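Asks: Protein chains in written order, with our numbering: chain A, 1 to 1003; chain B, 1 to 204.
For the record, the hints were derived by calculation from the structure and aren't laboratory data.
No experiment lies behind these values; they were computed from the predicted model shown.
Just so it is clear, CB atoms sit at the ideal spot from N, CA and C, and this is done for glycine as well.
Errors might be hidden in some of the hints.
[Stated by the list, open to error] Here are a few chain B residues that sit away from chain A, every Cβ distance over 12 Å (derived from the structure):
1) Phe-9
2) Gly-172
3) Val-196
[Stated by the list, open to error] Partner residues aside, some chain A positions facing chain B, computed with beta carbon under 7 Å:
4) Asn-59
5) Val-318
6) Gln-907
[To be verified] Computed from the model, here is a short list of chain B residues facing chain A with C-beta under 8 Å:
7) Trp-114
8) Thr-130
9) Asn-176
10) His-178
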Amino acid sequence: MEIRTNNDDFSDMPAELRQEAEQVSKSRRDFMKVTGMAAMGAVIAGCTAEDRFVKPLVNKPEGITPGVVYQYASTCQGCSANCSTLMKVRDGRPIKLEGNNLSPINGKHRGLNIESPKAGGLCAVGQAQLWTLYNPDRLHGPRHKEDGEVEWAKLDAAAAAAIKGGKAVLLTGTISGSSANAVIAKLKAKGVRHVSYDAVSRYAIAKAHADTHGKSGIPRYQFGEATVVVTFDADFLGTWISPVEHARDWATQRDLKFGRDSMSRLVAFEARMSLTGANADERHRIKDSERGAVLVALANKLGANLGEPGKHSVPADVIDKLASELKAAGKRGLVVSGSRDVNEQKLCNWINHTLGAYGTTIDLAAVSHQKLGNDEDLARLLKDMEAGSVSTLIVWGCNPVYDLPDGEKFKELLGKVSNTIAITLRADETASECTWLAASDDALESWNDFEPVKGLHTLAQPGVRRLWDTRNGFSCLLKWIDDADKNKDYREVLKAHWEANVLNGQSWSSAVEMGFVDRSAGNSKTQPDFKASGMGDAKSAGAVADTGALEVTVYESYNLRDGRHAVNGWLQEMADPMVRVSWTNLALMSPTTMEAQGVAEGDIVEVSADVDGRKAVCKVPVMRQPGQAEGTVAISLGYGRTKAGPIVHGCGTEKDAVDPDLLDEGVYRIGGNAFPLVGSKPVGGSISKTGDNIRLAKISKHDSQEGRPILKQTSLEEWKKAPNAGNDEELPPKDFTIWPKWEYKGHKWGMTVDLNACIGCGACQVACSVENNVPIVGKEEVWRRREMHWIRIDAYYEDDSPFDGKLTNNENPEVGFQPMMCQHCENAPCETVCPVIATSHSDEGLNVQAYNRCIGTRYCANNCPYKVRRFNWFRYEHHNLTMNLVLNPDVVVRSRGVMEKCSMCAQRIYEGKRSAALANEDVKDGNIQTACAQTCPTDAIMFGDRNDAKSTVARLEKDPRNYAVLAEINTRPTVTYLTKVRNRPAKKSGLALEHDGHSHEEH
Amino acid sequence: MNAKLAVLFFLLTVGMAMPILLGIRSIPDIQLPNLHTGYQPEQPIPYSHRLHAGVLDIDCQYCHAGADQGRHAMVPTLDTCWNCHKTVAGRTQTAKEAIGKLRQAYMSGEGVEWKRVHNNADFVYFNHQTHVRIAKYIDADGNISDGIDCTYCHGDMAKNGVAKQEEQLAMGFCINCHRDQNDRHVAANLPARAPVNACDACHR
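Could you put the whole structure together from the sequences, leaning on the hints where they help?
Replies: As structure tokens, this is what we get:
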């Protein structure tokens, strides 16, 4: 821990507060006088009887009672995976989004053998979508680039005239909905060309299937059917195509609870350390440029005759073993690749075809529509714009100036288009270059439809009345082409289209109630035939290009994804799950590579490369990533937005720009834009130091367990021999305690976390923040270790060598994730030291915190062995009335000087008990779910009543994998964990090492 | 002057000087939070509980329809008033004037901004449904009744004209009842329905 030697009294305060304090503090005595008087004044004001008002509605809407939560089914539009959601709407505003349990995409109904009737998974991005809705920096109405605010009529007239003028193009992201495409078809009939692209493109998969199977499309991957999964940089647990669906399916094959005794195997080949790689049983570090060669070598072992591949770093015996594993798995094997190279994708197709995987683990008959972008169409559009043959461009739901590799060029090309119109939420990088800005509804304000996989039609409905003078994008388009439906609300258009084409006799209201209509039963099950001729020159992927000493690899960030969530404070603060740094993206390198490049953590560097004939540069700080391939630098996409608006409301600090040069002109930039580094082939790059250095906002400073059994783990082999493997240490006797022996006559709430299922995605963290009004504190405060998350996910990097007092070495460590929240100890160390009894033990087994009683001594946090208590150092801003609509009215907004922590979602427990009592029955297991357990895509977090013998948590108490963290100090937590089991042979030295008595350096 | 008197004199002086020092002009305004017993502010329309709930004997939940639905008992929406008052224009001059105001507020769609009489602190979570519909009330003799009578917390509103806070409604008021009822529920072998004494029942 750094000792701060700054003499500045107010250095710990955010800038605005500091200014204020500095003005006040001419001398300390003056300061004390002023604050003393202010405090007196506050006391008096608080004691005065002030009138408060209540203004009821004139007419009560039918079926709506103030203060009661109603749920509406909708579809998440955080990414194109389009999970089904339930909006919790209270008093006319959405306050929480949850997964729809019935959805085939993200529902958990067919998942694990535990009770979770109300849970549907949703990722961190999905949980955070409320922020986009309430963010007050959205466009409040239509605008003209020069004239500012305009009337809709004026914009409509201009757009209509422009479209009539011909040579019009509509540029969008993926549009999959049936009604949506009907509107697009109407546009096409009027001569408007439609081009769609995905910022993070998966077009290579579709293109490869067009050649090898005669069907262009991204198949639906069934990870739940696979027993051996091999991934070549496809981060399917993190960001790839449909991560919640893939994670849920994959986890069903990793479950060892209640008598299940087999696990699938996951083998990863990748350059950077991805979530998928971290969860892999076997992980091999290769550069992106070697990927094709390894694929060729693997295909050769499986019977292809593609000739000797280029030189790669994977030993032959690894390939041999993998090939025999895949052969044994047969049709239950699956090889996936995140490559943008069509030939590599074709090699995957060949392997999967050879295994017989089409029809089991891959469904090409009922394809996914989650990435429909067409890179070739986009390239043609750019050419046409260059040639001046586009006179009108409507940009909707995408941001090409920011997220095309050559965004600057696109900006120039926009100048060649006479009419540019953006249908947009905000004046982003692209929209601010367009003449007309049609302010669009947020996803939670408008009707829409989607078809994420063939036959599954989902609906999005508004959860709130429009906050501003905005309009549904489809309504705009219909108006501009002077369609017959132009004056109808889009709901009417959608309904009419669904009744004619989708519902097939089913009632509209039942579809709205469910949020989706599943017509996939009618899909053909016949897989298209493999055509060997389609392989073409696939073996050329085996050639390894020389990329020099440093190869650049870019990846979609877990929180901001392709950059569209850069304005989202929850996601900015959530941090990268692997390196646990928030508020910036990073140039990740292995410690050895960092040494070779002569850079240190926090150095701001310029990563430059020649990408497809362009000079691309990205300016980001350096961070170490153990487990990354040597000689590679990895940078995540989505950061470095320049027109994302003031990033954070509700957070005091806006000094979050990585790049001090960009602080002028009111432009704040968080991280660097890595899209320019996206190329068609892996490229070599170079690093130059700028000389600047920043403090990284690290959520976790430590990645080693120091040999202690905190995250207990073992191998499948050992577990099969002894089910308590890895969890067999002897604990000291527990009879002596100074605490009273608690008796729980009614409920005893408990939580169990299956470390085997936890993939470390961070969905629980954001869900918790949304549910419990957890403030975001900004980069400076995170750097001071003052982040407020009630649940954190510790990532532990472990390798074979015994702990030597240093941070994890750079070989190929195994990573384990452990969600850590208040453990609700029976013998709680926090309770005994609170001088005012603000924290106490409830008769239902929870450690409860009464905020209004807390005086902020912080003794409890100091005495907490799990370090899960959070202190409000400031009164985090809550004075934007629009943004305040996001707050959950059932949870207090904590004030400055107050300690807070996980309450096990007390409000949800009471709500559950209330609904059970109303139905005059006992609380059923699974009916009460904390926010984290509810959203967990893999059901790693399970909540229930330990006094109910039939509950999941009570049954799991008997599991030999069940353990409590730091059980040796006899805190008796009600949160327990299940040992992580990896599907690999036992290692010589166990990972849960006995403490070997090394002296530890402080890091 | 002996020492005791001197101390007394000093304390009195300080006590009298304090309000002046602190710049307080009207001492009666000072009240501890939530001890607004007797608070009966003037309302925009002088609605009489004595007439409606007393003389006419209208059930509380006819107007406060949220009491068994959720957290808020609800100050009724104006259409509830209008159900009757579209045909009831009032007999006395005062009533006619008051109902005239109601008509104006309803017809124009402006609504009425009432003063809240019963205010809980922001850090207290109280749910009407739990108390009115779910809870069982056990009296000292062990007689069990469904739901807690409104009068237990709100007093007999039917004896007041304009709404008035009858009870303290501070934490002591709540926790005393919770403790008593908890004991009585355990004695009556109804532990599952016993009110919770833990902090998180109200503070979360």
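Asks: Each hint needs a verdict: does it hold in this structure or not?
Replies: Hints and how they fare:
1. Phe-9: It holds; B/Phe-9 is separated from chain A by about 25 Å at its closest Cβ, greater than 12 Å.
2. Gly-172: holds, 14 Å
3. Val-196: violated, 7 Å
4. Asn-59: This interface hint holds because 5 Å falls under the 7 Å limit.
5. Val-318: The hint is violated - A/Val-318 has no Cβ within 7 Å of chain B, the shortest such distance being about 53 Å.
6. Gln-907: holds, 5 Å
7. Trp-114: holds, 5 Å
8. Thr-130: With Cβ-Cβ at 6 Å, under 8 Å, it holds.
9. Asn-176: violated, 17 Å
10. His-178: Status violated, d = 12 Å.
Comparing the model with each earlier hint shows violations of hints 3, 5, 9, 10; every other hint is respected.
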